[in-house]
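J.: Chains as they are written, first to last, in this note's numbering: chain C, 277 to 735; chain W, 180 to 221.
No lab work stands behind these hints: they were computed from the structure.
These numbers come from a predicted model, not from an experiment.
Ideal Cβ placement from N, Cα and C applies to all residues, glycine included.
Some clues are possibly wrong.
[What the hints assert, rightly or not] Estimated spans, in silico, between C-beta atoms of each pair:
1. C:591 with W:213: 43 to 49 Å
2. W:190 with C:509: 34 to 40 Å
3. W:194 with C:606: 41 to 47 Å
4. W:190 with C:314: 35 to 41 Å
5. W:216 with C:446: 16 to 22 Å
6. W:213 with C:587: 17 to 23 Å
7. C:536 with W:219: 20 to 26 Å
8. C:707 with W:198: 43 to 49 Å
9. C:288 with W:198: 19 to 25 Å
10. W:216 with C:591: 40 to 46 Å
11. W:198 with C:484: 31 to 37 Å
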Amino acid sequence: MSLLDRDRTVAPPGYRRWLIPPAALAVHLSIGQVYAFSVFKEPLVEHFDTKLTPISVIFSIAIVMLGLSAAFGGTWVERNGPRKAMFASGCFWSLGFVVAAIGVASDQLWLVYLGYGVLGGIGLGLGYISPVSTLIKWFPDRPGLATGLAIMGFGGGALIASPLSDALLGFYADSPADAIAPALLTLGAIYFVVMMMGAFTVRVPADDWQPAGWSPDKQKREQLVTTGDVTAANAIRTPQFWLLWTVLFCNVTAGIGILEQAAPMVQDHFDTVSAAAAAGFVGLLSLCNMSGRFVWSSTSDVVGRKPIYMLYLGAGAVLYFLLAATGTASLAWFVLLTGIILSFYGGGFATVPAYLKDLFGTLEVGAIHGRLLTAWSAAGVAGPLIVNAIADAQTEAGKSGADLYTLSMYIMVGVLGVGFLANLMIRPVSERHMEQSAEATGRSCRKAEPALRAATERS
Amino acid sequence: MESETSERGAELRGYVLWVIVGAGLLYGVVNTARQVADLFGV
């Protein structure tokens, strides 16, 4: 397996760094299929002759496994490099499709849980964090742009997988319920090839490599980011980690509240919206989610990480308030407000690796990112729970239409307010948490310097 | 570091990947645009 070792992936002098983002995108666009899992829901319900809840569990297992594998596998990914991590991710993700297809063909739902949920979920977690620290090392001058580009792929994966899955389900049989197994196998094969191309294209920069005309000292003067490095084990002992965890949790909770209920929400607000048009609304939100990841994360390189999160959370709260108070005014106004909110949701995901790099340095930023993604898993439970539970309670109270969501939206204003305060409280990491030298970790990294130079935003 | 030949192969794969991911994203955006047209009755 030496071909997969980190040492074999060190780029020679002159290697073009713009060949790294497509490798990251290949992985993220593939694993982003998880957001299009809903395409298989109805066919699976029909195939297994069951209700929606047992089928929805498949997606939930995958997301929980994503958070767990990112949290527990982060250090392994950091130590073994991006190629081995992407290779492992591709194997788990594709094997998940194969096992799920066997489960469908043999009418064993537990095999679908094991395949797509557990194995696929491990592939999701490893794949999500695998290119992050590599991209940050290749683009120390524009980390927001680089990670935004890759994580944009995760948002965009559903845009490709959704119509592709529909086409495959229609191609293999007259009834989608009879075409699930071959469709899953086909997707698994396509994703395996694309992810392997990504794995064998990715390179890590040499230890002393820097972009032409750029130096860490110049970056320090310009943006006051840390020049020290903090290990993942130390990072989770800092208040900054947990404040950022809260920021991500609040941002994701607010966004996922809309995303999860998008189709029924727009139809409850406007009687004239058909099911097909509601699907268009969901697609538009996915597009906003995807483009927000790139646009806002790139913007953070210019305005700084802390200010951009003030925008996501502060302006997001105002937009949520307007949505609750005036959302029924017109369809275009409703779509505009929700579209911007979802762009902030995507931006929050994509900017967080660069924020972590600013706070904790590049040494184990991938592993720290993995631990931070537990906020995503928690928000994935909290967001839909708030919206669904309140909608159910309002229905029982005899309310209908837009009234089902008004209270949830006001709660989301409060959630975003909490995130806004947490972001305000983030300060530079104390020197005592930083590594004293590169040798201390047995790995090559930028030499740590006093933490007084650390800060998270522009002066 | 890998041999010069395999480095050239890696560079080529990088360019091919740009084409593949670009085409994939275009496919997704065009399909979404069609759905959005339905939403506004265009």
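J.: Each of the hints needs a verdict: does it hold here or not?
T.: Structure-based check of all given hints:
1. C:591 with W:213: 43 to 49 Å: The hint (43 to 49 Å, Cβ to Cβ) is violated, given that residue 591 (chain C) and residue 213 (chain W) are roughly 30 Å apart.
2. W:190 with C:509: 34 to 40 Å: holds, 37 Å
3. W:194 with C:606: 41 to 47 Å: Given a distance of about 46 Å, which is inside 41 to 47 Å, the answer is holds.
4. W:190 with C:314: 35 to 41 Å: Holds - the Cβ-Cβ distance for residue 190 (chain W) and residue 314 (chain C), about 38 Å, lies within 35 to 41 Å.
5. W:216 with C:446: 16 to 22 Å: Holds: the Cβ-Cβ distance is about 21 Å, inside 16 to 22 Å.
6. W:213 with C:587: 17 to 23 Å: Check failed, 31 Å falls outside 17 to 23 Å.
7. C:536 with W:219: 20 to 26 Å: holds, 23 Å
8. C:707 with W:198: 43 to 49 Å: holds, 47 Å
9. C:288 with W:198: 19 to 25 Å: holds, 23 Å
10. W:216 with C:591: 40 to 46 Å: Because 28 Å falls outside the window, the suggested range is violated.
11. W:198 with C:484: 31 to 37 Å: holds, 32 Å
Violated hints, listed in ascending order, are 1, 6, 10; each of the other numbered hints is respected by the structure.
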